[in-house]
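Same order as they appear, the protein sequences are chains A and B. Here the first sequence is numbered in the numbering used here, starting from 25 and rising by one per residue. Here the second sequence is numbered in the numbering used here, starting from 7 and rising by one per residue.
A couple of the hints might just be wrong.
To be verified - To list a few chain A residues with every Cβ distance to chain B over 10 Å, as calculated:
#1 L56
#2 L92
#3 A226
#4 M261
#5 F268
#6 P551
Claimed, not checked - Calculated lysine-lysine pairs in the DSSO-like style (CA-CA distance at most 27 Å, straight line):
#7 A:K67 <-> A:K525
#8 B:K46 <-> A:K460
#9 A:K457 <-> A:K384
#10 B:K138 <-> B:K157
#11 B:K233 <-> B:K138
#12 B:K233 <-> B:K157
#13 B:K269 <-> B:K338
#14 A:K460 <-> A:K384
#15 B:K312 <-> A:K188
#16 B:K269 <-> B:K248
#17 B:K46 <-> A:K384
#18 A:K457 <-> B:K46
As the list claims (entries may be wrong) - Sample of chain A residues at the chain B side, in silico, Cβ under 10 Å:
#19 Y182
#20 V343
#21 G469
#22 G497
#23 I504
Just so you know, these hints were derived from the structure itself, not from any lab. No residue lacks a Cβ here, since even glycine has one placed at the ideal position from N, Cα and C.
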Amino acid sequence: MKLAIAEAIATERDMASISIPIPLRDRARTGLLGWLATVDHKKIGVMYMMVAFSFFVIAGVLALLIRLQLAAPNMQVVDPQTYNQIFTMHGTVMIFLFTIPMLVGGFGNYLLPLMIGARDVAFPRLNAFSFWITLGAGLVMFGGFLFGARSDAAWTAYIPYSSKTFSPTIGMDIWLLGLILLGIGSTLGAVNFLVTLYSMRAPGMTAWRIPMFGWAMGTTAGMVLLATPVLTAALIMLVADRNFNTQFFTTNRVQLWQHMFWFYSHPAVYIMILPAMGIISEVIPVFARKPLFGLRAVVISTILIGLLGFTTWVHHMFVSGVDPTIERFFMFTTMVIAVPTGVKMFNWLATLWGGSLNLKTPLLMCLGFLATFVIGGISGVMQGSIPVDQYVHNSYWVVAHFHYVLFGGSVFGIFAGLYFWVPKITGRMFDEKLGKLHFWTMMIGFNVTFFPMHFLGLLGMPRRIATYDAGRGWEAGNLIATIGAFLLAFSVLIFIINCIKLRNGERAGNDPWEGNTLEWSTTSPPPEYNFREIPVVESDRPLFDARMRTPSA
Amino acid sequence: MVPPVTRDAELINGLYNVILIFAIATFVLVEALLIYSVIKFRRRSADEMPQQIHGNRGLELAWTIIPAIVIAVIFGLSVDTMSRMTARGTLSNPVAHVHAINDVEARRRVERAQPVDLVIEVVGRQWVWQYKYPGGDGVTTNEELVVPANKNIRLDMTAADVIHAWWMPEFGPMIYVNPGELSYVWFNVPPGDYIGQCNVYCGVAHARMISRVKALPQAEYDEWYAKQAAASSAATRPGDPKVGMEIFMNGPCIACHYIEGTKAQGRVAPRELTRFASYLTIAELDGFDNNAENLAKWLRDPQAIKPGTAMPNLNLKAQEIADLVAYLQTLK
Numbered sequence: 025m026k027l028a029i030a031e032a033i034a035t036e037r038d039m040a041s042i043s044i045p046i047p048l049r050d051r052a053r054t055g056l057l058g059w060l061a062t063v064d065h066k067k068i069g070v071m072y073m074m075v076a077f078s079f080f081v082i083a084g085v086l087a088l089l090i091r092l093q094l095a096a097p098n099m100q101v102v103d104p105q106t107y108n109q110i111f112t113m114h115g116t117v118m119i120f121l122f123t124i125p126m127l128v129g130g131f132g133n134y135l136l137p138l139m140i141g142a143r144d145v146a147f148p149r150l151n152a153f154s155f156w157i158t159l160g161a162g163l164v165m166f167g168g169f170l171f172g173a174r175s176d177a178a179w180t181a182y183i184p185y186s187s188k189t190f191s192p193t194i195g196m197d198i199w200l201l202g203l204i205l206l207g208i209g210s211t212l213g214a215v216n217f218l219v220t221l222y223s224m225r226a227p228g229m230t231a232w233r234i235p236m237f238g239w240a241m242g243t244t245a246g247m248v249l250l251a252t253p254v255l256t257a258a259l260i261m262l263v264a265d266r267n268f269n270t271q272f273f274t275t276n277r278v279q280l281w282q283h284m285f286w287f288y289s290h291p292a293v294y295i296m297i298l299p300a301m302g303i304i305s306e307v308i309p310v311f312a313r314k315p316l317f318g319l320r321a322v323v324i325s326t327i328l329i330g331l332l333g334f335t336t337w338v339h340h341m342f343v344s345g346v347d348p349t350i351e352r353f354f355m356f357t358t359m360v361i362a363v364p365t366g367v368k369m370f371n372w373l374a375t376l377w378g379g380s381l382n383l384k385t386p387l388l389m390c391l392g393f394l395a396t397f398v399i400g401g402i403s404g405v406m407q408g409s410i411p412v413d414q415y416v417h418n419s420y421w422v423v424a425h426f427h428y429v430l431f432g433g434s435v436f437g438i439f440a441g442l443y444f445w446v447p448k449i450t451g452r453m454f455d456e457k458l459g460k461l462h463f464w465t466m467m468i469g470f471n472v473t474f475f476p477m478h479f480l481g482l483l484g485m486p487r488r489i490a491t492y493d494a495g496r497g498w499e500a501g502n503l504i505a506t507i508g509a510f511l512l513a514f515s516v517l518i519f520i521i522n523c524i525k526l527r528n529g530e531r532a533g534n535d536p537w538e539g540n541t542l543e544w545s546t547t548s549p550p551p552e553y554n555f556r557e558i559p560v561v562e563s564d565r566p567l568f569d570a571r572m573r574t575p576s577a
Numbered sequence: 007m008v009p010p011v012t013r014d015a016e017l018i019n020g021l022y023n024v025i026l027i028f029a030i031a032t033f034v035l036v037e038a039l040l041i042y043s044v045i046k047f048r049r050r051s052a053d054e055m056p057q058q059i060h061g062n063r064g065l066e067l068a069w070t071i072i073p074a075i076v077i078a079v080i081f082g083l084s085v086d087t088m089s090r091m092t093a094r095g096t097l098s099n100p101v102a103h104v105h106a107i108n109d110v111e112a113r114r115r116v117e118r119a120q121p122v123d124l125v126i127e128v129v130g131r132q133w134v135w136q137y138k139y140p141g142g143d144g145v146t147t148n149e150e151l152v153v154p155a156n157k158n159i160r161l162d163m164t165a166a167d168v169i170h171a172w173w174m175p176e177f178g179p180m181i182y183v184n185p186g187e188l189s190y191v192w193f194n195v196p197p198g199d200y201i202g203q204c205n206v207y208c209g210v211a212h213a214r215m216i217s218r219v220k221a222l223p224q225a226e227y228d229e230w231y232a233k234q235a236a237a238s239s240a241a242t243r244p245g246d247p248k249v250g251m252e253i254f255m256n257g258p259c260i261a262c263h264y265i266e267g268t269k270a271q272g273r274v275a276p277r278e279l280t281r282f283a284s285y286l287t288i289a290e291l292d293g294f295d296n297n298a299e300n301l302a303k304w305l306r307d308p309q310a311i312k313p314g315t316a317m318p319n320l321n322l323k324a325q326e327i328a329d330l331v332a333y334l335q336t337l338k
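Next comes chain A alone, as it looks inside the complex (with noise of 0.2 Å):
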């Protein structure tokens, strides 16, 4: 520990600094109840990612289980009933319980008061509310589960099929509420985020000196502050409707749901990709030892798409029934959003050109975040298309197109950001043989699983069906993907194991990677109080400036 101290007092000598007195906390807990009463936004971040990566596992072995069912035609490894129980949780847990917690709640919580050079987010006590809320509405979700009381309306819940009359069990109840507490928990985070953002910051830290991380969550809180009220809004409307004999979705046309539900649920894409492509904005200049191409248009193309995400809801209802010349408003902003995200793209691929490529895990990741994410964002825009949606909506091809989004794209950078900063969080380096092949596992396991999808789709194969009959030229696609399943589950089992050799790993040091931003100038793990003084920045690479200026380090 002293050793640690002495290497980071080393390491923040080499760079201007300003003390400010560390707040005096009743830090000092140790063992369980540390955890349990933390207001540490490390601890904190820490306890969402290991949340969330037990809903991903979870929400996982779900999959497998879709994927069996429709290994062959007319399976019945589960009735239909149990089936699209499963399907709806899948998609329910994936989103809201894994892969928003672990972006916004893990890495946001974990880095983005290292990243700014802060001792905490600005409402320590508040954040871990925010957790805790988390947490509960979680257990509330599986609560519902385990007592029979199961939803089967799909992620979506479209009225009519989620109003009393056709899921008239009480397990719909259930769900609407887990999901009314997750948006309490996640809108006050989103405040906590802006705020500490905007007023925590590192003497010197500029608006173009946040690091692309910061800038990534910034506009993701915005986004989660904007959006989330309105899908809470319509979640009490329908528990009202189901419990108090309220009229709002019987009285009305079926589409006011969609209408609501998309408001939040179009946004919520770029809520979960936007932090995963800050990660890939941070990981790949530390290892290609360039600075990230165009920073101020990859800020820009960020906010832009944070902006133009509210205004695309409706291309999730082009066969709803809308009004067609609204519908080519909302085909228009849907095509243009891919203008910013291809603007990102290239940057990357620009960072990338002419550096010195380490090719270690966490860029490997990254790199599959762009080789697969692309496929996605193409699908995207071909689907933006009305008449094209007109065929392919609803199908297999869509399945493929989100997973390429949110598999390809924000787990692909959720992996890139563990395996870059967990030798922070924990002081201990990973394997990098088993994370070279769980790299792999996982590429081609997730192609294969995913890429036959969109011919399956382009077949005729809606998404959510239980089963299906021999003979519609099926049977082929689905066996290839439900093999890829497995060994794309077998990739995450090399992940866990990675973990628990941890434990064993080569220390880390304050700065395994040579990195660019802050938090690698403290401690690995940092101190409670994150820094001992705190840094003065002069550059968006203050780390790599300081070690260009000290070469011996």
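Based on the hints, put chain B in the right spot on chain A.
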């Protein structure tokens, strides 16, 4: 895609293929840059330091403007395709989806949209498509729609419960069928058998909500229709259990009913039918004994016998009922 059989499907297919060219070009460009970079710019020594390039305005403008142009082209092509589909009065027509069933003006616009030879009323319900033919003959079908080939057909569709979607991949576009609203589909197809299925998740037997279209040459269609019209009033021969079994297994029944060792694996109905003939009552109704006469009554209109039961009125014809009764009585 599945081979298109309508003009709309051809239009969609053509547009898809054009966009696919842009898509493949983008994909190849990105992957090529990526692979080239990884090979060419691998770190070769631990202390090498590449040139620190922060950006390049010209390049960045280029990769903003060129994609924007590509996007504009795709948008233009899509709007153009939509307008050509509109000319045929299909899904993207402003009248394609009418909000209120009783909106007289909207219905007039639909009538004007394009001349049709046959209008069929369609009701989507959990978990069957029901088709009602015009004219006073009482001809209805479940699941399979029989139409004359190479004629303009219009379907006036609504849903009885939750949202469904009518999609025949070979016909091209799909549309949601909403409760309380009317959706329209126009099509004109060559003779053949086509298959599709409900495309909005609608509950436990969503996967079994199949829609079939059989397009027959006009003469064969007329013959079929005359037979249906006759059969809807009276059975022409005694019930045949084999025919009954075929009706059962190839129709919507299996969505809800369970018979051990068969394709019928539905679990909606409270009792399985494996040994139906040995039950004392039908639908667990006291006093409604399980005999041929009562069973026929039940199949004709279950809602009249037990209001609120999950089993819908399937508009079965007298002959179908006779065959089904014969089949069900073999289940001991």
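Now the hints, each set against the structure:
1. At the 10 Å boundary, the C-beta of L56 (chain A) stays outside the reach of chain B, the nearest C-beta of that chain being 43 Å off.
2. Taking the minimum C-beta to C-beta distance to chain B, about 15 Å, the non-interface status of L92 (chain A) holds against the 10 Å cut.
3. The claim that A226 (chain A) lies off the interface holds: its Cβ sits roughly 22 Å from the closest Cβ of chain B, which is beyond the 10 Å cut-off.
4. Non-interface status of M261 (chain A) relative to chain B is upheld: no Cβ of that chain comes within 10 Å, the nearest being about 18 Å off.
5. With 10 Å as the threshold on Cβ separation, the claim that F268 (chain A) sits away from chain B holds: the shortest Cβ distance comes to roughly 22 Å.
6. The beta carbon of P551 (chain A) is kept farther than 10 Å from every beta carbon of chain B, the shortest such distance being approximately 30 Å.
7. Taken as a hint, the K67 (chain A) and K525 (chain A) pair is honoured in the structure, with Cα atoms around 21 Å apart against an allowance of 27 Å.
8. Using a Cα cut-off of 27 Å, the hinted pair K46 (chain B) and K460 (chain A) holds, with the two alpha carbons roughly 20 Å apart.
9. Using a Cα cut-off of 27 Å, the hinted pair K457 (chain A) and K384 (chain A) holds, with the two alpha carbons roughly 9 Å apart.
10. Between K138 (chain B) and K157 (chain B), the direct Cα distance comes to roughly 17 Å. Compliance with the 27 Å bound is thereby established for this hinted pair.
11. Straight-line distance between C-alpha atoms of K233 (chain B) and K138 (chain B) comes to about 15 Å, which keeps the hinted pair within the 27 Å bound.
12. Between K233 (chain B) and K157 (chain B) the CA atoms are separated by roughly 20 Å; this keeps the pair inside 27 Å, and the hint holds.
13. Taking the CA atoms of K269 (chain B) and K338 (chain B), the gap is near 18 Å; set against the 27 Å cutoff, the hint holds.
14. The hinted pair formed by K460 (chain A) and K384 (chain A) meets the criterion: a straight-line CA distance of about 8 Å does not exceed 27 Å.
15. Note on K312 (chain B) and K188 (chain A): the hinted pairing holds, with a Cα-Cα distance of about 21 Å set against a maximum of 27 Å.
16. Distance restraint check for K269 (chain B) and K248 (chain B): the Cα-Cα separation of roughly 15 Å lies within the 27 Å cut-off, and the hinted pair is therefore satisfied.
17. Restraint check for K46 (chain B) and K384 (chain A): satisfied, since their Cα atoms lie roughly 16 Å apart, inside the 27 Å limit.
18. Restraint check for K457 (chain A) and K46 (chain B): the C-alpha separation of about 22 Å stays at or below 27 Å, so the hint holds.
19. Checking Y182 (chain A) against chain B: minimum C-beta separation of about 6 Å stays under 10 Å; hint holds.
20. For V343 (chain A), the shortest C-beta to C-beta distance to chain B is roughly 5 Å, which falls under 10 Å, so the interface hint holds.
21. About 19 Å separates the beta-carbon of G469 (chain A) from the nearest beta-carbon of chain B, more than 10 Å, and the hint is not met.
22. A least Cβ separation of about 8 Å between G497 (chain A) and chain B falls short of the 10 Å threshold, and the interface hint therefore holds.
23. For the restraint placing I504 (chain A) at the interface with chain B, the shortest Cβ-Cβ distance is roughly 19 Å, beyond the 10 Å limit, so the hint is violated.
Figure legend: structure checked against the earlier numbered hints; hints not met, in rising order: 21, 23.
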